[in-house]
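Taking the hints as your guide, dock the two standalone chains into a single complex.
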Amino acid sequence: MANTDITSKTMDGMGPHGTKVGLLRVLGPAHVWALGVGIVLVGEYMGWNFAVGKGGAYAALIACWFAGILYSCVAMIDSEVTSTVAAAGGQYTQAKHIVGPLMAFNVGLYLVFAYTMLEAANAITLGYLITVAADMTGAVEPVSDRPFIVLAIMFLAWLNYRGVLATLTFNLVITAFAFVAILVLFFASAPWSDGTMMAHADLMSGQAALPYGWLGVLAAMHFGLWFYLGIEGTTQAAEEVRSPARALPFGTLAGIMTLLIAATLTWYVCVGYLPWEYLGDGVDGAVAPLFSAAQLTGSTALVVILGFGTLFATLASANGCINDASRAWFSMGRDHYLPQWFGAVHPTYRTPYRAIIFLVPIALIFALGAPLDQVITFSILSGLLGYTFMPINVILFRRKWPLDTIKRGYEHPFHPIPAILLICLCAVTYFAVFLGYGTQLIAMVSFYIVVSLWFHFWRYRFVKRADQFTMPWPKPRGY
Amino acid sequence: MARYIPPKQGKMGQVIDVIVLLIMSIGALYIPLWLGLAGSSKLPVPADEPTWESLGQNAVMVERWTALGYDPASAHDLITARFDYSFTWGALALMVVVIVGYFALMLRLSEKEYREVIAEKFDGK
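Chains as they are written, first to last, in our numbering: chain D, 1 to 479; chain C, 1001 to 1125.
Chain C on its own, in the form it takes in the complex (with noise of 0.2 Å):
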């Protein structure tokens, strides 16, 4: 089998290359934190002038949120965010096929690759 001869990169070309794979994997990262899409809705329950009971804490919790440094109007938030886990099963569905789609596109194109580098490296031995 003839041997593969890659080109030679220019100096500029790197440049580029690095910059391209900057952008594109600070914007990845970025992007859902900008558009205010990242985390979830952890939202707290309004309540006003909340106090311990309210807030279902027992002796001990009260003791040690006290310690903390906290009161019932500044532990509210804390207590009282919860997550929310409601999901559509679309968006799970979507999230299957795009993960699983990445593995088997990611296998298909490697696999094509990895021939060629077993075909060039053992030469038909």
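Bound-form chain D, shown alone (with noise of 0.2 Å):
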């Protein structure tokens, strides 16, 4: 068995193919946790509730569970994976060593646009949640939330561009806040009190029970990945912490187990509070759910907590955003799949500097000109096609290393029954997708075919050939 060292100073994972000039090794279990949640948590914050829209108040507590059995397929998966490939880039260094440079080349770019466009959402929230705090404090005119979108992102990345350890000690602090107020609102409720506000038989009956009926369910799934999405973030890091083994499958199991909590929380008092019709309604309706909740408690202390949670959560999750959307096109330049000058460590602060400078503007792009829902579905299905690569990768991964070959710092049970359960939950979120965005499904495959085509055939020629494979791994079977 090959005893591979994750942290070794002469493989992939330190600098650029072993140079010393590489990412600091700071980070620890709690940042791993933060940076995972501190992305996710804004899902239950916003975006979820167009899973209620889809169909209503039922359905989406049915896709937030199905959803959660899917993400911890997907943090089982990739913990094995990233156990064993600690390196900065996550899935994209994953996919360049197990499966080719082209499936390499597009499991980068599922993650730039799904943490760039869950960015913009973030910066799209954060500017609704200033215009409603004007209007509560008496602006006598209408407030723009154009200028604090450009200025939320634009001090987001350069917190990124300073330094991943007090970015993400700034994200472990906010996610937490963020994470109590959920548990504040809910205890403050007081479902178990015959005083308590919430309305659940009220509010779910009739034809709000089911208002799609079984079709309106599986339409749901497509917005329940958003309870979620982004948690696969923590192999971002991988290359950052101290001990990638431990840190990074504690980090993320514990990460889900906390988001499994949180999502059911907030589907429980939101639903409880508010008309399903308004509810699923992200754009016209309830664009901040829980804050919406706290302001019809009408306690002004619990308005002030949801806001304030609200506005962590976003900041939380857009900071978590640019620091693995630029990981991993900062990865993609190293290895030439883009251009080389984008795979600059700065000298100083040793973060990916001109990966983090470069997406600002895309990431304004999408926060300025789209609807919010629009936004959210162009992340969500970046993440699915992401969570389908996730099982092809890891049955080729045992395949060409089985156990018996290579040490893991994790080896998932059950296998290959996780990869087969999110393989067929894949296929039903597209499906969910397909009704009522299909153009978008559509569109984006399109792109990702289109792309790909451009790489093969033209940009891969930049690409040194055995400089793809930097893991101290024995020859893989079959080849």
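A few of these clues could be false.
Said to hold, decoys possible - What follows is a list of derived Cβ distance ranges for each label pair:
1) V1018(C) to W158(D): 14 to 24 Å
2) A133(D) to I1016(C): 17 to 27 Å
3) P1044(C) to S243(D): 53 to 63 Å
Said to hold, decoys possible - For lysine to any residue, the following SDA-like pairs were computed, each having C-alpha atoms within a straight-line distance of at most 25 Å:
4) K1011(C) to P347(D)
5) K475(D) to R398(D)
6) K407(D) to P476(D)
7) K1121(C) to D467(D)
8) K1008(C) to G1027(C)
9) K1011(C) to K475(D)
10) K1121(C) to Y479(D)
11) K1112(C) to L396(D)
12) K1011(C) to L396(D)
13) K1112(C) to R461(D)
14) K464(D) to D1048(C)
FYI, nobody ran anything at the bench for these hints, they're computed from the structure. Cβ coordinates follow ideal geometry from the N, Cα and C atoms, glycine included.
The structure is reproduced here in structure tokens:
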């Protein structure tokens, strides 16, 4: 068995193919948890409620739990592969070593688009929150959200530019606050008490129960992913954690458990306060549903806490998204899949500063020019393509390097059941997206087909062949 | 196996590659929006002078709508708008062909590239 040292200074993972100017290894399991949950927790504060719009309240709950199963499979599979391929780029670097360069190029783009669109969605929500806060504090004229969108993205990009430790420590604090805010709203609502304002039975009666029937349950799976989308981002920090084999599985699996609790509580609180038609329209209705629920309690303290919870959740998520998207872009530049100029590390701050700066205007274009549900759908579609890659990846990983050939930091149980389950749930989600958003689905997959041909027949000529395989593993079986 | 030496890409070539990628990605994301093809036909049902009763709202629902600042007229569009989930089998088949075709194409081309990588990396070892 090859003894894989995933913190080696001479293999991929430390610097540009063994050079000593690499990313700093300063992060622990709590940072990994904060990166994963920090990106995703905003999904409880906005966006998930489109699932209510697509299928009704019960459909959203079923979608929430099925999406939870999907992400549990993602976390298990990802933890095994990442604890062995611990390098910046996460799934991108996995694909490079296990499937091939073109797959890696596509996976890198999935990551960049999923996170950059999520960042744009966060900025839109933050802008909305500022305008509501201005109204509530007696602004005499409508406040434009645009300057706040621009400022938020620029500020977080600057934070990422300056260094990963400060960035993720900042994330740890504000993510914890946002999570506690959900718990505060739940306990303050006292669902066990006769005097509770929550009225599930009345708000979910009659046609409100399943307004689209069982087809609506399938359709709701589309936005059900939003409860958890981005948890796989923990792998992006692989090159910067002190102990990848321990910290990555621990941080990721703790993250998915946190999110399952937060998602269920969020659903329970919001459908108990808000009519499903209002809750399900995240553009003209509940843009920030937990904040809207807090407003209905009549408690100023809860409005302030959930207002800051929403603000912090969007900031933490956008912060993590910039971190992850820039590392995927940086990794592709370093490998010449993209112009090598992007593969530079800042000489002082040791961050992928050119990738960070380059992605700022792209996030701004979408945050300022596209409606929230469309931006979220673009993010979900890129994520979904990435989840479809994961079962293929782990099946090939086990086939090319069986358990007795290389040492893994973590081995996920019941293989290949999680992989098969994951691919089935992905198929259901494609159908869910097709119901209502089929045009975007076809447009986005067509884009990936065109860009794949561009890479294979043009860009790949600039890529050094053997340099794509940098792990100290034996030759894969069958080659 | 002879080691592949890639050509060196000039700065102008790098800039052009980035522009091409940007045009393709922004185009793929924005073209459906520009053509008005994005999103679904979630349209409200027209009604004259709607009431809470005609909108099918019970007492608790009415209380919540009122607390949110809505009356029957302003809530009408939100309450009656529904997605249209009708589809043709042809459209569904197209989606399946595009997705399966994409992954099949990518895995095939990736495998070809991967064999070159492994052959050069391990050089017959």
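Handout entry: Hints violated by the structure (numbers, ascending)
Key = Numbers 2, 8, 9, 12, 14, in rising order.
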